[in-house]
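Asks: Here's the letter readout for the chains.
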Amino acid sequence: MNGHDDTREFADMRLTRRSFIKGCTMAAAALGLADSMIPQLVAAATAPRRPPVVWLHFQECTGCSESLLRASHPDLGRLILDLISLDYHETVMAAAGHQAEEVLHDTINKHDGKFICVVEGAIPTKDGGIYCKIGGRTAMDILAEVAPRSAAVVAIGSCAAFGGIQAARPNPTGAVGVRDLVHGKPILNIPGCPPNPVAFLGTVLHYLTFSRLPATDNLGRPLFAYGRKIHDHCERRAHFDEGRFAEQFGGEGHRQSYCLYKVGCKGPATYSNCPAVRFNDVNQWPVSAGHGCIGCTEPAFWDTMTPFYERLPEIKLPVGQGTVTTAESVGRKIMGVTAAAIGLHAAAGVTRRLLKGTAKTDEIREEE
Amino acid sequence: MAYEFEKRRAFGALYRITHWVFAASCLLLTITGYYIYEPWFTTMLEKGTADFTVANMRFLHFLAGYFFTGAVICRFYLWFFGNRQERITDALPVTKRNLGNFWGAILNYLYIRFHTPRLGHNALAGTTYLLTFLISMVMIVSGFYMLFPESATWQVWGTNLFASQATSRFVHFILMYYYIFFAMVHIYIAVWNDVMFGEGLVSAIISGSKFLHVKRPKAD
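Just so you know, the sequences run in chain order H and X.
Once you know that position 331 of the first sequence is 331 in our numbering, the rest is easy, because the numbers rise by one and skip nothing.
Take the position in the second sequence, starting the count at 1, then add 1000; the result is the number in our numbering.
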C-alpha cells in the first residue's frame, strides 16, 4: 500500500474496472472455478439484468450485513451492490416507515417469482411469533408472504439458517431458521457468525453465471464454501498430527502457535473454508490469531459447541497423543530398556569374572 | 570326508536380541520410510476418512527408529565389552589372524578355496558390519535431525553434517538402499554358509551355538 490513499478509495463509491475484475477473480477462486471461467463470470456480472433482492431482517444483530458491506476491502461490498438490485434492505435503504413498506410491496408484485429473498436473522414462532414485529406484522407473517413469491431464498448467517443464538436453549421465543418455515422453494444456507462475504458473493455470481444455485450439502450449505472441515485445511494441523498442543491460553504451546484443539477448538467438527479464504482481507481468521474455532457454521452451535474452551470429545488423535509426542515418550522408554540391557550384560560379566576369576572365559578357550 | 561336529557357544543373548531388533526395525523402517517417501495409499482415500495413514506410518517409522538406535548403542557396547566373537578385535582385518581370515573369506566366497569356518564372524563380515555401523550413525543423525527440526542439539549435528533438512532427507532416503542391499546379501550368504558347511549358522543367531568342525576325522 505504498503511497496508496485509502481514504480516497473508501470515499469514492464507484467500482473501478480493476477492482471489479479482482472481485470476480476472488469469487471464481472461492467457487473453485478455473481461471478460464473468469470471463464468463465477468460477462454475467456486467449483463444489464440485475436480480432484484429483498433483504429481510428478523431476530439478528445486523452483523452479517455489516461484514458484507463494510468489508475492509471495499471492492467486495461494492461489487455485491453492483451485481444485485437491492430493492429492500431496512438497514441501508433511504426510505423509512410506510414508504419502505410500499417498496417491499411493489417489489414482490413487480418481480413476482423472480426476485431473490435474502433472510438475515431467526424467526420467532412462540406465542404467534409476537417477539419480532416490523411495521406491526410478525416476522412469521412477513416471511410467509415474501418467501413463496421469490425465486429462491438465501438464508445468510447462522440465525437465518439454523436459528442461531436466539434458538439456543431454552429458546424463549421459539426461534427457528428459514428452512423450518419455508417449503417448496430452493433454500440456500450461508451460515457463519458472520459468514464470509466471499461465500455470499460466490453464490450470487454462480447464480448469475449459471442461472442456478450452487451445489449444496444436506444442510443446504454451498459445497464450495462449506465442503470441507476447518481441521483438514488448518495451518496448525501438523501440530495436531504430531501431538503439539497449546495446553492453556498464554502458555508455552500457545506462544509456539501449536494446535488449539485442547483449548477448545471446534475445527474438527466444523465445515467452512475459513482457513483458505480468511477474513477482512488481512489474511487473518480466529485460529491464526490464537483462538480456537467455535463452530459457528454448524446448526445449534451455541448448544452443541459449548463450552467453547473445552476440547471436543471423541476426536481421534494419531496414535493416542500424536506421532512425535508419543514416539518421543516411547523412545525414552526404549532408551531406558537399552541402558538396562547393557547394565544387565555388564553386571553378568562382572559377576562371572568374580566367581570364576580373571582367567580366560569359556569362549576364548574354545576358540584356541 | 566325514567330520565330527562339536556344539560351541558363539553369541550371547544381548547380541542375538539386537540382531533380531535390527531385522525387524530395518524391515519396518524401509516399508514405512518408503511410504513416507511415496504415500500412495492416502491419495485414494483422501476424503471422508478419519484414518491417519501417513501419521501412523510416520509414527511406526519413529518407533522403529528408536528401537534401531537402541540396538546400535548395544552393538557399540558389545564391540568393547562383548564376548570374543562379539568384539571389534575379532571383526576388523587389523591383526595377523584377521587379515588371513579376511583374505580366506574372499577366496571362500569366490569358490577358489573353502576355508574352515571359525566360531565368530569372518573378518570380511566384521568389516561390513563396521561400514553398516557408520552408515547407521548417518541414518540416526539425519533421522533425529528431521524428527526434531527445532531442537538446538540436533540442529548442530544436522546442519554440520548435511547443511539442510532437504539434504538430510535426501541422504536418509538414498542410504535406505544400502540396507535393502545389505539384507539381500546378508541373507544369501548366511544360507549359503549353512548349506556349504553345515555349521548351523542360521540357527546360531537364534540359539547362540554353532557346530564347529572337529579337526580329527571320525574313527570309523
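Since the hints were made in silico from the structure, they are not lab data.
Misleading hints may appear alongside valid ones.
Stated by the list, open to error - Reference listing, derived: stretches of chain X covered by chain H, where coverage requires no fewer than 3 residues with Cβ under 8 Å from a Cβ of chain H:
no., segment
1, 1011-1020
2, 1068-1080
Said to hold, decoys possible - Partial pick of chain H residues on the chain X-facing surface, computed with a CB cut under 8 Å:
no., residue
3, 321
4, 335
5, 340
6, 349
7, 351
Think of the CB as a built atom: it goes at the ideal place given N, C-alpha and C, for glycine as much as any other residue.
Asks: Against this structure, judge whether each hint is valid.
Replies: Now the hints, each set against the structure:
1. Residues of the segment 1011-1020 of chain X lying with their CB closer than 8 Å to a CB of chain H number 3, which satisfies the three-residue condition for coverage.
2. Given as covered by chain H, the segment 1068-1080 of chain X passes the check, having 7 residues with a CB less than 8 Å from a CB of that chain where 3 are the minimum.
3. A least Cβ separation of about 10 Å between residue 321 of chain H and chain X goes past the 8 Å threshold, and the interface hint is therefore violated.
4. Proximity of residue 335 of chain H to chain X holds as hinted, the smallest CB-CB distance being about 6 Å (cut-off 8 Å).
5. Hint on residue 340 of chain H is violated. Least Cβ distance to chain X is approximately 10 Å, over the 8 Å limit.
6. Given the 8 Å rule on beta carbons, the hint for residue 349 of chain H holds: about 7 Å separates it from the nearest Cβ of chain X.
7. Taking 8 Å as the C-beta contact cut-off toward chain X, the hint placing residue 351 of chain H at the interface is violated, the least distance being around 14 Å.
Checked against the numbered hints above, the structure violates hints 3, 5, 7; every other hint is satisfied.
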